[in-house]
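**Student:** If you want the building blocks of each chain, they are given just below.
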Amino acid sequence: MAYQWDFTPVLANAPLLAQGLLNTLKVTGTSLVFGLALGLALALLRLSSRRTFAWPAGLVIEVFRTTPPLVQLFWFFFALPLLVGIEMTAFMAAVVTFSIQSAAFFAEVFRGGIVSIERGQWDGARAIGMNHGQALRRIVLPQAVKRMIPAFMERAIELMKTTTLVATISYADLLFAANEIAQKTFRPLETFTVAALIYFVVIFAFSLVARQFERRLAVSGESTVR
Amino acid sequence: MSLLRVTGLTKRFGTNEVLRSIDLEVRQGERIAILGASGSGKSSLLRCLNFMELPTAGVIELDGQPLGRERRPGERIYRESELTQVRQRIGMVFQQFNLFPHMTAVGNVMEGLRTVRRMPKPAARIRAEAELKRVGLGDKADAYPAHLSGGQKQRVAIARALAMDPEMLLFDEPTSALDPELVGEVLGVIRNLADEGRTMLLVTHELGFAYHVATRVIFLADGTIHESGTPDEVLKNPRQERTRAFLASHKQYSL
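These protein sequence lines map, in sequence, to chains A and B. Heads up: take any position in the first sequence, counting from 1, add 1, and you land on our numbering. Heads up: take any position in the second sequence, counting from 1, add 36, and you land on our numbering.
Keep in mind that the hints were calculated from the coordinates and are not lab data. Idealized CB from N, CA, C, for every residue including glycine. Hints are not guaranteed to be accurate.
Stated by the list, open to error - Negatives, chain B to chain A, calculated, CB over 12 Å:
no., residue
1, T43
2, G44
3, R63
4, G100
5, D215
6, A230
7, E232
8, P267
9, R280
10, K287
To be verified - Partial chain A-side listing against chain B, Cβ under 7 Å, derived:
no., residue
11, G121
12, D124
13, G125
14, A128
15, I129
16, G130
17, M131
18, N132
19, Q135
20, R139
21, I140
22, P143
23, Q144
As the list claims (entries may be wrong) - When the alpha-carbon atoms are kept at most 20 Å apart in a straight line, the in silico SDA-like pairs for lysine to any residue are as follows:
no., chain 1, residue 1, chain 2, residue 2
24, B, K157, B, G174
25, B, K157, A, R139
26, A, K147, B, M139
Put together the whole structure using the sequences plus the hints.
**Tutor:** Laid out in structure tokens, this is it:
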């Protein structure tokens, strides 16, 4: 007997899905912003010639790159309150986890981008009297960031999908909402199909915008888009 | 009084000693051409003068002021703020131009004025455009480096150095990366700067240009000044055997 698809119960719960999507975007967006800032800081520390800076940064990066995100999430949500008495809401735990985890990833992307800039660019900057920070901010980073955009994009997409893990600590993201609707309506196939479709549309739209942005940057003749 | 005085300048990369206790004095308005085979240390010498490379030993005095301070005998340390000051006073032009590809020509020239000198944007733009005009690129202000020829790029790089009002200019093989037909336009600009009476040091393989423009020629070999004198002395009547061999190898295929 063929399965009878019926999307009406799902559509009736559209507000719940919308709220879930909003929460997913909130976690993803916040984590990306903090992740980028922290990632740059970690990258600069790791590139530092002083080992007292470089070594701890390297450790943080490696630990968060090599352990499963779910374990990290549980650790911040369940273990931290027990060990040091820091209570976090599900949202905070999610943001902390995904920020640091993204930072670890972005740190490597930043580092790779910075070292990929030719030595001559540093020379050119220093020759007109710039100090290290000015050369980094005005000359090296703007060029490095341009080369990093594809990796950033990839990570942002990956992160949006990874945030589905927050459902495990009862944060009402899109997947959590879908799960609830599925149980309520006994229509899991339809519900999860719609959820997947929402992920697809949001991420695909995001990719298009980013590609457009990359193309705009290509005006100066140096770009990752051919 | 000399603008720049170098005493006992030594540079080592690991165990490789590329400069061996060089003494050099540069007076206001002098134009010194530095010649030498590859590996003779000429680029390193130039790069030590504005501290793109830190000297391993030796003292560099600018306007009579010794730079850095002695930490222990024979070893000097330099503060970054002191070096950024020096680099504003001693401009440098590179073989590979090293233009900033994400900025337009005028953006490149303005950059030092804006970021280092904190000059307001309109004033910096006016100054930068004037410098571009001086090197014959008044109409290329808004072009990105990727859309400029090698000769144009190098002229933008010269304008970028000039914008900082340097007391001295260092040219590190400014025409070596250029197609032969583009060499002339860059040498022409350097020639004009020479006629303005600017102090400059020029590492070059253009012997003819060195002969006509330099007030003094230095021949470097094995990290030491092997021969030094007027262009006529060094290029026409070299006293040292190695200078003669070097010049002969350069003239081998000239017409």
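**Student:** With reference to the structure, classify each hint as holding or not holding.
**Tutor:** How the hints compare with the structure:
1. T43: T43/B clear of chain A: closest Cβ-Cβ about 24 Å, beyond 12 Å.
2. G44: holds (24 Å)
3. R63: holds (23 Å)
4. G100: Per Cβ check, G100/B is outside 12 Å of chain A; nearest 21 Å; holds.
5. D215: Since the minimum Cβ distance to chain A is about 19 Å, D215/B lies beyond 12 Å and the statement holds.
6. A230: holds (20 Å)
7. E232: holds (20 Å)
8. P267: holds (27 Å)
9. R280: Given a closest Cβ separation of 34 Å, the condition holds.
10. K287: holds (31 Å)
11. G121: Holds. Min distance 4 Å.
12. D124: holds (5 Å)
13. G125: Holds, because the Cβ-Cβ distance from G125/A to chain B comes to roughly 3 Å (cut-off 7 Å).
14. A128: Because about 4 Å separates A128/A from the closest Cβ in chain B, which is inside the 7 Å limit, the hint holds.
15. I129: For I129/A, the interface hint holds, since the closest Cβ of chain B sits about 3 Å away, which is under 7 Å.
16. G130: holds (4 Å)
17. M131: holds (6 Å)
18. N132: holds (5 Å)
19. Q135: It holds, given that the least Cβ distance between Q135/A and chain B is near 5 Å, below 7 Å.
20. R139: holds (5 Å)
21. I140: With Cβ-Cβ at 6 Å, under 7 Å, it holds.
22. P143: Nearest chain B Cβ about 5 Å off; hint holds.
23. Q144: It holds, given that the least Cβ distance between Q144/A and chain B is near 5 Å, below 7 Å.
24. K157/B with G174/B: holds (18 Å)
25. K157/B with R139/A: With a Cα-Cα distance of about 15 Å, the restraint between K157/B and R139/A holds, given a limit of 20 Å.
26. K147/A with M139/B: Measuring from Cα to Cα gives roughly 13 Å; hence the hint holds.
Consistency note: the structure conflicts with none of the earlier hints.
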